[in-house]
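Modelling step: build the complete structure from the supplied sequences, incorporating the hints.
The listed protein sequences derive, respectively, from chains A and B. Taking our numbering, the leading residue of the first sequence gets 103, the next gets one more, and so forth. Taking our numbering, the leading residue of the second sequence gets 205, the next gets one more, and so forth.
These are computed hints drawn from the structure, not numbers from a lab. The structure displayed is predicted, hence computed values, not measured ones. There could be a bad hint or two in this list.
Unchecked claim - Just some of the chain A residues that point at chain B, by a computed CB distance under 10 Å:
#1 Ala284
#2 Ile286
#3 Arg301
#4 Val478
#5 Leu494
Unchecked claim - Keeping only pairs whose Cα atoms sit at most 30 Å apart, straight-line, the calculated BS3-like set for lysine-lysine is:
#6 A:Lys351 with A:Lys154
#7 B:Lys419 with B:Lys346
#8 A:Lys345 with A:Lys154
#9 A:Lys155 with A:Lys265
#10 A:Lys351 with A:Lys525
#11 B:Lys346 with B:Lys294
#12 A:Lys155 with A:Lys345
#13 A:Lys122 with A:Lys351
#14 B:Lys341 with A:Lys448
#15 B:Lys419 with B:Lys252
#16 A:Lys365 with A:Lys448
#17 B:Lys967 with B:Lys977
#18 A:Lys351 with A:Lys307
#19 A:Lys307 with B:Lys295
#20 B:Lys967 with A:Lys307
#21 B:Lys341 with B:Lys419
#22 B:Lys341 with A:Lys557
#23 B:Lys252 with A:Lys189
#24 A:Lys525 with B:Lys341
#25 A:Lys189 with A:Lys307
#26 B:Lys295 with B:Lys341
#27 B:Lys252 with A:Lys307
#28 A:Lys351 with A:Lys155
#29 A:Lys122 with A:Lys365
#30 A:Lys557 with A:Lys525
#31 B:Lys977 with A:Lys525
#32 A:Lys525 with B:Lys294
#33 A:Lys525 with B:Lys419
#34 A:Lys345 with A:Lys122
#35 A:Lys307 with A:Lys345
A virtual CB, placed ideally from N, CA and C, is assigned to each residue, including glycine.
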Amino acid sequence: MPTHSYVPHAPGYVDNEGPKIVTSRFGYEDSFTLERYQATGGYQALRSALDKKPAEIHSEVREATLLGRGGAGFPAGIKWGFLPPGKFPYYLVVNGDESEPGTYKDRLLMERDPHQLIEGCLITCYALGLQQCFLYVRGEMALAQERIAQALNEAYAEGYIGKNILGTEFSVDIVLTWGAGAYIVGEETALIESLEGNRGMPRLKPPYFPAAVGLYGQPTIVNNVETLSNVPWVIENGARQYKTYGSEKSPGTRMFAVSGHVKRPGVYEVEHGVTSFRDLLYGDNFCQGIRDGHELKMFVPGGGSAPWFFEEQLDLPLEAGPVGAAGSMLGSGGIVVMDETTDAVKAALRLVRFYARESCGKCTPCREGTTWEERVLQRILDGEGRPSDIELLLDIADNISPGPYPVAADPAQELDAIPFPPKQTTICPLGPSSVAPIASTIRRFRHEYESKITKRDVIPVAAEKAMS
Amino acid sequence: MSPADEANTVNVTINGSEIAASPGELLIDACERAGAYIPRFCYHSRMKPVGMCRMCLVEVDTGRGAALQPSCMLPVSDGMTVETETDLTKKAQDGVLEFLLVNHPLDCPVCDKGGECPLQDQTVAFGPGESRFVEEKRHYEKPIAISDTVYLDRERCILCDRCTRFANDVAGDALIHFMDRGNNTQVNTFPDEPFASYFSGNTVQICPVGALTAKPYRFKARPWDLEETISTAWTDSVGSRITVQSSRNQVLRLLGVDADPVNWGWLSDKERFAFEALNSEERLGAPLVRNDQKELVATGWGDALDRAVAALQGTAPERIAMIGGARLTNESQYAWAKLAKGVLGTDNVDAQLGDGLPVEAVLGLPRATIDDACRPGGTIILMGPDPKEELGALYLRLRHAVLNDGATLIEITPRAGGLSGLASHSLHPRPGELPALTAALVAAVGGEAVDTAGVPAEAITAAAAAVAGPVTVVLGRASLAETGESIADAAVNLNALDDVSFLSALRRGNIHGALDAGLSPGLLPGRATLSAGSERVGEVWPGVPESAGLDTAGILAASAAGDIDVLVLLGADPINDFVDHAAAASGLEGAGTVIAIDLVRNDSIEMAADIVFAAAGPTESSGTFTNLEGRVSVCEQKVTPPGTARPDWMLATELAHRLGADLGLDSPESIRAELVSVSPVHGGLSEEALAAGRIDGVLVEGNGDIAAPAGTTAGVPSNDAYSLRLVSTRSMYDDGVALRHSHSSRGLARGLDVRLSPTEFDKLGVKPGTIVKVESSRGHLLAPAFADPSLPPGSAHVPWSASGSPASSLIDAGAPFTDVRVERS
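Structural data, given as structure tokens:
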């Protein structure tokens, strides 16, 4: 089987020969230039949009059921409708702070096709009557920042951005900002705080949506990079055409980033809702199965914050509803596959440590609880575990996320799935996210914890020393 | 309840019982009213909620099912159902408490907060007996000094955001903030920038753990050994309410009390740490007399009093004068007024030291309260000192009003100050030309403006257009190099505005009590002139002066001319406090016998006093205090004075007795009763009213018999083209005698310098910090020069009362402004 179909100039991207809505230009080496973008139909959607009324554009997007690609999966057309009338100015903020563990699709979209994103922003601004857009790119993504900056300059020079775009009354400014390296800034209210120049800490809800009170206290639409990259295609080809792809509830395509123990890890654009995890992980056009001689142990289905799935969940479609009911989420589209060589406790620690390090420190349960979890897990791995530690971990988890935590069904133990989402004592979902690996692994692999605590699989160093 | 109120009421069910609440009220407050106290750490009723500690989670159902919600963030809504005692709530709260304790050191036995610590109390009440956390706790260097007075122990910190919110939101000194993230989140200062805030002590008071401690109290006492009583802060005239806490007859700590009309629980550091000066070893514990070797030596009370009586009996009333009195309680002020004016018969009495305003401007204009000034939608005209430097708690109230309640601030000051960033319009007229500017401003309301006093016409027009709603003028003496008379003239002009009232910004301690007690030439107790009050006062006083006497400037001039035989310094230090240093010195030298009543030796005492009475200070005697609104609040005695020092009122009655008169005053209560009997404005000041107003005080309203100042039309002479006009303002730490005796704060006094607008500084052509010569017609001084954008061109600033040569050596007290030349030395 071919394992070499990576696109050399787009490292990480795999061309899977399926329908392409947002990755159509990834095959060109110069896909990020204005020249190539225009040569492949770029900015035509903007031109046709400017001929229509803004409300028509909005209803086209609403009609297309373009689901948000940041994690929550909220329909963009509906979100746009939350803007309170007459409270100008409104702002559009593009969330390019992609930091969810296992996710790297937005980075490729920004690096390979920045003009597509910019065109999406411009159409959105036109549809909603906005004049100011902020592009917030994750601090570590140097190439993405460089390419977007270059693209913005080209687009300004060409008259796509700025005053009286393409000779119309429509004017927009797009500003590029980059983060200082905090995972939590991917949370939309923390991103707004950071954009305002403050410490990136989430705001308290209510108000629940920045559409009511957002950047500088004004109504603000925050959209993900992939979501906005879909907009030019939707406007150019229409909602009806868009809905020919994917399932009824989840039309179009979606990008998934697969990493871990598969033969061909990478970013794939797949049809939304009709493709299953099994298709994606085992299909010849996709990841081509677990690496030779090994078998699937578990996988993270939607970024590090998602509770884990196993063999039994492979046939679920890549669609928010069924995945949520099965106890996890599609989230940001980051799938991490682990085979039987993976130590479940170590894997859990790896993710928990990430959340402990990235906790912003604002609210108590997350700030103290995530680090405590990390230290208990580390202690268990160091052979210093106590029999009460499993219950302790579950209770710390319960104090961060009270009540039954979402987990997948386990037929072997005759346990049902607990549907997503979790409850929280925290301000934002970061703290509860740290519970996902713990709740998932303790339910399924409790024996691995127990064997480490009872030291059946570690060398009792202290005893050995005592004997010598 | 009126129908309007009813429409504005929502019903909330708290633990099964329904209560009415006003929309916008936070759930945590509504529950507390309903008797269901919800534990909290980060929530503070005077600051914006942040919902960070998560301790106040309760189960709330707004129709979509019960869920845990932070009650400090949630406004009540109609039909809301709240459960504060369910298992889910308790589990969440216990969980948060356990999280907070995970990294909190168990050093309660050596922690100053132990015994009054909300975290400790919560843990004792609800916490688990043992910790499930077996790992090592987080460690930081402990403690670190984040300013001269405040220490931070980051290990104890629970990151509630109270101190940082206070510094950023309330005080506007964003000098402390969170650093790092996750478990390593910590409060700290910016590198090399200390937490140099005038209000830093408040963060210590509101810290819910022992993370922030203040140097004056560290390791001094355990909370359970402290006794406390309510009192009033004395270092400025805001009248902030405090509790005085002492142990073993020594005052160890002052804490702010939340008086809604006054200080909202906040104190400036000067108010908070002022008690240190009272504990100074330099305090006078016995009277002093000057011996034949011209040295001041301790003596007995009999000797000291007899010498004073001898001096007073050997002269005529008009040859006796008394300066000062703002340090005293209302009762002591009344007793001394009765002694001076009623028994000795002199009207040469002045509590102001040439640094204040004419009495008519303070008492005779429509008066405003702090709440009046802070009305939403109103306009504040600041024509007085920088409140941040001189009236700290008032600054916090004004700042809040402008930032959060939509009050508009217009500044008419000689230079930019602490509130300038919030002012919608800042006018900086040339020193001495305030009357012309205010006249132009009033004319510009609905009219035209012309360039006036160095302020462009457009700026005046714009400021006039911003005047809206009720207007409060905060009126005081911004620069000591301008006369009080010209400020009074300016105030008269502003009095023509619609719906205008005036809030006095005279800063000196109980100066408003002193004026109400008649410690001013031509004044009698109860805001009465000699003519209007003599009948009432004459019924209980042996006599009443017939004509107005001299003010402090007049007294010092008469004394220099040899016309004063006995000069009484009633807690006054003219050498350091009078605006004109030369006049003060010659006046003290020319006086016959100088009798000083004070707490410590000051420069005037060293120089001229013949007899010194050791007086009891604040916290050492009982009485009342009148703040800048006219609000009277109690000051209770907490400790005994050092040695044989006595309350000031007692010294007055003793002197009177030895002079053969009986003041008929034998306790603060009896003095208060007599004051009420002779003063119609004090009619509401009954003992019952004082008891009811134990926190908020009793507002004494009205102008009494005092008419508004007449206003003059005197023009201002122009200065020559080479001169700059002198501006001299006070700073919070002005190296006064009290500061010099404060162990923790004395390093904070600012040094002497001369500041010029950047344009003027460039003309001078020297490097910043170069020593230059500042010369006026009265004298000169040498000081380092700096550029300062807060000054308008044409002005030079020399701080008041800095160590070294004082600004008072330059000021011409009689002129509307003082010209100076700044030259390379």
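Now the hints, each set against the structure:
1. Ala284: It holds, given that the least Cβ distance between Ala284 of chain A and chain B is near 7 Å, below 10 Å.
2. Ile286: 8 Å, holds
3. Arg301: The hint holds - Arg301 of chain A has a Cβ within 10 Å of chain B, the shortest such distance being about 6 Å.
4. Val478: 8 Å, holds
5. Leu494: 6 Å, holds
6. A:Lys351 with A:Lys154: 27 Å, holds
7. B:Lys419 with B:Lys346: Between Lys419 of chain B and Lys346 of chain B the Cα gap is close to 14 Å, so the pair holds against 30 Å.
8. A:Lys345 with A:Lys154: 21 Å, holds
9. A:Lys155 with A:Lys265: Since the Cα atoms of Lys155 of chain A and Lys265 of chain A sit roughly 19 Å apart, the hinted pair holds (cutoff 30 Å).
10. A:Lys351 with A:Lys525: Given that 30 Å is the threshold and the Cα spacing comes to 25 Å, the pair holds.
11. B:Lys346 with B:Lys294: Measuring from Cα to Cα gives roughly 33 Å; hence the hint is violated.
12. A:Lys155 with A:Lys345: 22 Å, holds
13. A:Lys122 with A:Lys351: The hint holds at about 19 Å.
14. B:Lys341 with A:Lys448: 23 Å, holds
15. B:Lys419 with B:Lys252: 28 Å, holds
16. A:Lys365 with A:Lys448: With Cα atoms ~22 Å apart, Lys365 of chain A and Lys448 of chain A stay inside 30 Å; holds.
17. B:Lys967 with B:Lys977: Holds, at roughly 15 Å.
18. A:Lys351 with A:Lys307: With a Cα-Cα distance of about 28 Å, the restraint between Lys351 of chain A and Lys307 of chain A holds, given a limit of 30 Å.
19. A:Lys307 with B:Lys295: Satisfied, since the Cα-Cα distance of roughly 22 Å is no more than 30 Å.
20. B:Lys967 with A:Lys307: 56 Å, violated
21. B:Lys341 with B:Lys419: With Cα atoms ~26 Å apart, Lys341 of chain B and Lys419 of chain B stay inside 30 Å; holds.
22. B:Lys341 with A:Lys557: 26 Å, holds
23. B:Lys252 with A:Lys189: 24 Å, holds
24. A:Lys525 with B:Lys341: 28 Å, holds
25. A:Lys189 with A:Lys307: Distance ~20 Å between Lys189 of chain A and Lys307 of chain A Cα, so the pair holds.
26. B:Lys295 with B:Lys341: 23 Å, holds
27. B:Lys252 with A:Lys307: Distance of about 14 Å is within 30 Å: holds.
28. A:Lys351 with A:Lys155: Answer holds: Lys351 of chain A to Lys155 of chain A is near 27 Å, not above 30 Å.
29. A:Lys122 with A:Lys365: It holds: about 23 Å lies between the C-alpha atoms, which stays within 30 Å.
30. A:Lys557 with A:Lys525: Distance of about 34 Å is beyond 30 Å: violated.
31. B:Lys977 with A:Lys525: Given that 30 Å is the threshold and the Cα spacing comes to 71 Å, the pair is violated.
32. A:Lys525 with B:Lys294: 16 Å, holds
33. A:Lys525 with B:Lys419: Violated: Lys525 of chain A and Lys419 of chain B sit about 44 Å apart, past 30 Å.
34. A:Lys345 with A:Lys122: Distance ~13 Å between Lys345 of chain A and Lys122 of chain A Cα, so the pair holds.
35. A:Lys307 with A:Lys345: Distance of about 34 Å is beyond 30 Å: violated.
Of the numbered hints stated above, those contradicted by the structure are hints 11, 20, 30, 31, 33, 35, listed in ascending order.
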